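A.B. asks: When you get a sec, could you build the whole thing from the sequences and use the hints?
In case you want the letters, here they are:
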Amino acid sequence: MCLAVPGRVVEISPEPDPALRRAKVDFAGVRKDVSLAFTPDVLVGEYVLVHVGFALTVIDEAEARRVFDTLREMGELEELNAAEELP
Amino acid sequence: MKFVDEYNDPAAAARLSAAIGALVRRPWTIMEVCGGQTHTILRSGLEALLPPEVTLVHGPGCPVCVTPVGLIDKAVEIARDPRVMFCSFGDMLRVPGSGASLLEAKAAGADVRIVYSPLDAVALAKAHPERQVVFFAVGFETTAPANAMAVWTAAREGVENFSVLVAHVLVPPAMEAILGSPDCRVNGFLAAGHVCTVMGYREYEPIAAQYKVPIVVTGFEPVDLLEGVYMTVAQLESGRAEVENQYARSVRREGNRPAQACVAEIFEVSRREWRGIGEIPESGLRLTAKYRRFDAEERFAVAGVGGREPEECLAGLVLQGLVKPDACPAFRTRCTPERPLGAPMVSSEGACAAYYRYGRPDLSGARAR
Amino acid sequence: MADLTCPVLAPADDRILLGHGGGGRLTQQLLERLFLPAFANAALEARHDGAVIEAGGARLAFSTDGYVVRPLVFPGGTIGDLAVNGTANDLAMCGARPLWLSAGFILEEGLAIGVLERIVASMRDAAAAAGMTLVTGDTKVVDRGKGDGVFITTAGVGLVEAPSAIGPAAVQPGDSILVSGDLGRHGVTILSVREGLEFEAPIETDCAPVWNAVDALLRAGIEVHCLRDLTRGGLASALCEIASARGLGIRIEDAAVPVGDLVRGACEILGLDPLYVACEGRFAAFVPAAQEEAALRVLSAVPVSSGAVRIGSVTTEHAGTVVARTRIGGSRVVDLFSGEQLPRIC
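Residue numbers (the working numbering), protein chains in the order written: chain A, 8 to 94; chain B, 727 to 1095; chain C, 211 to 556.
Worth flagging that the hints you see were computed from the coordinates, not collected in a lab. Only a predicted model underlies this, so the values are computations on that prediction, with no experimental measurement involved. Careful, some of the hints might be misleading.
Claimed, not checked - Covered stretches of chain C (in silico footprint by chain A; criterion: 3 or more residues with CB under 8 Å from a CB of chain A, positions within the stretch not fixed):
no. : stretch
1   : 470-477
2   : 534-545
Stated by the list, open to error - Each pair of labels, with its calculated beta carbon distance range:
no. : chain 1 : residue 1 : chain 2 : residue 2 : range
3   : A       : Arg79     : C       : Ala465    : 35 to 43 Å
4   : B       : Glu856    : C       : Arg404    : 17 to 25 Å
5   : A       : Gly82     : C       : Ala338    : 57 to 65 Å
6   : B       : Arg1060   : C       : Ala252    : 52 to 60 Å
7   : A       : Gly82     : B       : Pro932    : 46 to 54 Å
8   : C       : Val351    : B       : Ala853    : 26 to 34 Å
9   : B       : Ala740    : C       : Gly457    : 51 to 59 Å
10  : B       : Glu994    : A       : Asp24     : 19 to 27 Å
11  : C       : Leu241    : B       : Pro932    : 55 to 63 Å
12  : B       : Glu1005   : A       : Asp24     : 53 to 61 Å
Unchecked claim - Pairs of lysine-lysine, PhoX-like flavour, derived with a Cα cap of 25 Å:
no. : chain 1 : residue 1 : chain 2 : residue 2
13  : B       : Lys1016   : A       : Lys31
14  : B       : Lys728    : B       : Lys852
15  : B       : Lys852    : B       : Lys832
16  : C       : Lys350    : B       : Lys1016
17  : A       : Lys31     : B       : Lys852
Backbone N, C-alpha and C fix where the C-beta goes; we use that ideal spot for every residue, glycine too.
C.D. replies: The structure is reproduced here in structure tokens:
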């Protein structure tokens, strides 16, 4: 039961009780109404992971980039090694 | 799609594949415990990018597959009650019980409906006060907060014609059951990223320490899975056994507190039977006393059919990662998605169904290196 | 290994399930076990979208379809123009110019006349656009609760203009496989109405007549081996059926399969695979590899197929099976799904 999809928060309902707060979340142009009960501090423009109609977490963009920073380092290392092996 | 497309990038995948190949020295068996990860691995043909030393096996990561036969039978019996509107996620509908599946009950006239969110079931109950609306609350910890919220909402709004048939299962006890088995061949685990989004990963630390296995919390896209495998192999090759977090963009060590609080209010840990494996202590959830009136099993007092577990069906061995689906003699012959012998062939997340749909040994492509 | 006798009973097979109408494996089984044996003949065995029959020296194509879609009216169309274009396109898939149409209506007691008027108006417009004349029809009414508002069955006749037979039997190893445009708009449009999805930019059905595109291929002298529209069951089902009927393998590139952003996003949320989602104005074409470029040029000049691309080819390997090369360089089998595609939650 793990299909969770990342989407961008476009609009948040003006609801004082966080348990009842909802948001319009955009998934590549498709918009769905989502509960923010578990992500009370999210801001418009941030990305959330949505599962069965609930936002489960705010996606950390810095961490998301880190995967690719690591890969870039790996790539640079490969190039370095390759360069060292040249006659 | 942002946060999806980048993790499907072929160049990134190739780089990780090469890195794993360069790192590995000895054979390792790595288990993932999440139907969603099984699905990605097979749908993307990921194993073609792994060196032959690395074997991926699929654990009991499909909550649909491990729901006991007896509970399916109870669901069908409840659904057949003319007062009932039975709501469920799509995955559950085709799973056979001792007799019919929910889909067959629907064909014979039962009011069975697919919902995408448990709140949809509560809304149906509000809209139809004359009917009894029952929601099949199946899932791992990922879905528990949503299901808890549904019960909480029903309680708060006085929607008394709503009830839940609870079949929740927990991952860490299942991992321990597998690790504690004398047949266990698993060297390392990829922990389910979305379960950990809710629960965090603290509860895996004692498991890693006790059984001396690396556990890497991993996401769901091909690049995530490759990075998770890379991190696991790195630990194995250097003799470490720690919990690491590949899926840090969604997972924090303490998880999602409000979600955990909601689950703790509505549910408590209980014993649970796992289809094909048997009972694992403290591996399920049930409603707390305060919310017990929403329990469908009590409300409908279903005796249920005996719920015979097929003794010789290999589903249990498949779920424990001891047998690959295509090694089962019934696979693709007597057991197909249309005529399933066991749940892993029916559920879209089941290992057998995934192998049937996406895999054939001669087509898995040349292995890396 | 021990012989397995699993005490889990086989599911009852004495009733029709929704899955039998899904276009997947259950539908195939129903055809093979019940319908084909009852009516066995060569035309039916060809198992193409329509039947080609000889009558007094003329080659005619003949096709029929039933329409049971809910909702009756959706963005971009109604059950009416769906019915007209569906039949027109079945005829086009035989290489036949669609000409004559019949329509049988089963109406549910209580249906608003205004709705019926709208449906009929859309049929009139669709027939005109497809170049078809409605020459005969029938109407029945059933009790309230026994129908979904309107069921429509259409049948169509066309004149075959393709010089040689078009169908799975003509497919050759090495043939290029083209798709006339992006997938899944119709299925997602229907589901979006049912599921209450909102779209940033409006999504509409792709329902349209495709004869102009087929006509253009034939006039350009393209040797069209096979055509198949991508309705129920989508691209995946069409390719699986052809691979299986012809006994050859099909290889496609996941990255080449055209899917628009909105369809992709909707499928992600709903847990659906775009390869299996219905289109109502799209087709796959099998042409000799040497004519692939010319065929694509011809298709892109016709509005209904302006998005045409190559997605794969026919091979002698893995006979009867469709294999996709995945984005990350692995491969997987594309199979017929077994019943209704049930949306995943996992």
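A.B. asks: Where does the structure disagree with the numbered hints, that is, which hint numbers, in rising order?
C.D. replies: 2, 3, 6, 7, 9, 12, 13, 14, 16
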